[in-house]
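Student: Residue-level listing of the chains:
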Amino acid sequence: MSVGIEALNVHAGLARIPVADLFAGRGLDPARLDNLMMETKSVALPFEDPVTHAVNAARPVVEALAPADRERIELLVTSTESGVDYSKSVASYVHEHLGLSRRCRVMEVKQACYAATGALQLACGYLASAASPGARALVIATDVSLVDEGAGYTEPAMGTGAAAVLLGERPAVLDVDLGAFGVHSYETLDSARPGPRFDIADADRSLFAYLDCLTHSYRDYTDRVGGVDFASTFAGLVMHTPFAGIVRAAHRKLARDHGVADVAADFTSRVLPGLVYPRQVGNLCSGSVYLALASMVDHLGSTDPVRVGLYAYGSGCASEFYSGVVGVDAAATVGRMQIGDQLAARCRLTFDEYRQVLAANADCLVPVADRTVDPYRWGEFVDRVGLPRTVLACTGVDGHHRRYDWIKVGGVR
Amino acid sequence: MTDRSHVRQVVHEVITEILPSVRAEDIDGRQHLKDLGADSVDRVEIILGVRERLGVTEPLASFSDLPDLDHLVAFLTEVTA
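From first to last, the protein sequence lines are chains A and E.
When we follow my numbering, the leftmost residue of the first sequence carries the number 1, and every step to the right adds one.
When we follow my numbering, the leftmost residue of the second sequence carries the number 1, and every step to the right adds one.
One thing to keep in mind: the hints can contain errors.
Some chain A residues flagged as far from chain E (calculated, every beta-carbon gap over 10 Å) [said to hold, decoys possible]:
id	residue
1	E39
2	R102
3	M107
4	V225
Taking CB as the label site, the calculated pair distances span [stated by the list, open to error]:
id	chain 1	residue 1	chain 2	residue 2	range
5	E	D28	A	H299	41 to 51 Å
6	E	R53	A	H258	40 to 50 Å
7	A	T372	E	R23	51 to 61 Å
Note that these hints are calculated values from the structure, not bench results.
No residue lacks a Cβ here, since even glycine has one placed at the ideal position from N, Cα and C.
Assemble the whole structure, with the sequences as input and the hints as a guide.
Tutor: Here it is, written out as structure tokens:
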């Protein structure tokens with residue numbers, strides 16, 4: 001039976017700053033732009049949080065379903081390292097604001113940038129078991145960035161936003177190869193979020209773990225799956241993208257290990273299509289690999305079904321290499337979400353505006369009993385969003401209960 | 001040439017290939033790769049390069065805690081012995 005991704009959308013915040021402008025504003029060395037391979041960084045406006053990101057990514061996916069199909073979303077999982085409460089899940093708010101059926105399992109998972117892939121694999125296994133024939137699962141990876149100038153060269157690489165992945169038995173976007181996976185996990189402290197206002201990161205430990213895990217999870221994949229040839233089995237390679245430059249280095253390592261003759265040409269044809277969106281967004285945490293998948297589907301240009309390999313890595317650490325087939329309807333299905341247009345429509349911030357927004361965003365995850373957030377305080381930026389649409393906005397916290405409302409963006413208030 | 005001096009020569013070769021602005025004679029063993037201007041991708045490429053040339057199969061994670069180039073050379077000398 002087929003199980004996999006039926007639909008996929010990304011919401012990567014309502015604002016952006018060109019990475020070159022951020023480098024200039026922070027006094028970072030522009031010589032490092034080449035290895036970073038980033039163009040713009042997504043920025044959340046101060047009424048955006050993990051809940052609004054998730055809802056704004058998933059809403060077009062849910063609304064495209066017929067009402068009867070919508071009722072069959074029987075599992076909602078949010079994957080996040082930006083939790084808003086130790087007990088209450090982001091998913092509980094998302095369930096409400098998406099208007100999903102009450103006959104639905106609702107939960108949140110965490111394993112840094114790996115968690116969405118773990119949730120996807122468990123959900124696919126559940127759907128394939130036919131315990132509830134015809135059921136669907138919605139996995140939403142959602143995160144906000146907390147980095148500031150103290151993070152040095154990590155600041156330009158950190159994005160914000162969510163990727164919504166609808167799973168079911170009609171996998172037009174990615175027919176997951178059930179049983180074709182490789183995993184590698186062990187304990188390390190390479191990066192973490194010990195509190196609601198800051199991250200810690202050891203760049204070398206994290207990148208070395210990312211690369212070790214790629215080697216081992218791919219080896220585990222080839223041990224489980226017969227007849228795999230790195231150069232010819234996969235038409236595209238989609239990887240967790242902390243920043244595009246490390247994906248280029250990771251591909252170079254894997255390609256050399258497997259005797260690819262022209263590494264640069266292979267990178268251009270099989271990896272670069274998946275980096276178009278990540279280079280415009282930054283690291284989307286556990287949604288990053290699905291942002292890369294959307295980019296691959298939108299830019300690979302294949303009219304035939306093709307197999308792609310996907311690599312997810314999450315600090316801490318856990319990793320997985322798996323594969324699936326991008327179907328003939330994938331480009332049309334993902335294309336309807338207009339992800340490229342959404343990214344182009346983000347309000348472009350100056351460096352001074354970015355600093356203003358960053359200061360207001362610093363408290364996004366701090367637990368407080370009461371807080372008021374006025375989306376219209378940011379009306380100047382809201383009006384500069386290029387694609388008129390209605391989005392969910394956080395309006396505050398009332399007795400520890402987060403409050404939300406729908407607002408219009410794109411000069412149509 | 002001792003094992004250690006051979007390893008040091010390979011390390012210097014790889015560093016100057018990845019960082020063309022660095023001259024081998026200016027490299028001090030008490031420096032970290034960061035001190036030579038290597039960004040995180042450069043550091044990955046340097047470690048991958050020395051592993052490959054010396055035939056080292058130790059995981060990359062083994063290189064995470066080495067405080068300077070002298071410790072990198074000592075570690076590589078030990079695992080290639």
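Student: Confirm or reject each hint.
Tutor: Hint check results:
no. : hint                          : result
1   : E39                           : holds (17 Å)
2   : R102                          : holds (46 Å)
3   : M107                          : holds (31 Å)
4   : V225                          : holds (23 Å)
5   : E:D28 with A:H299: 41 to 51 Å : holds (45 Å)
6   : E:R53 with A:H258: 40 to 50 Å : violated (19 Å)
7   : A:T372 with E:R23: 51 to 61 Å : holds (59 Å)
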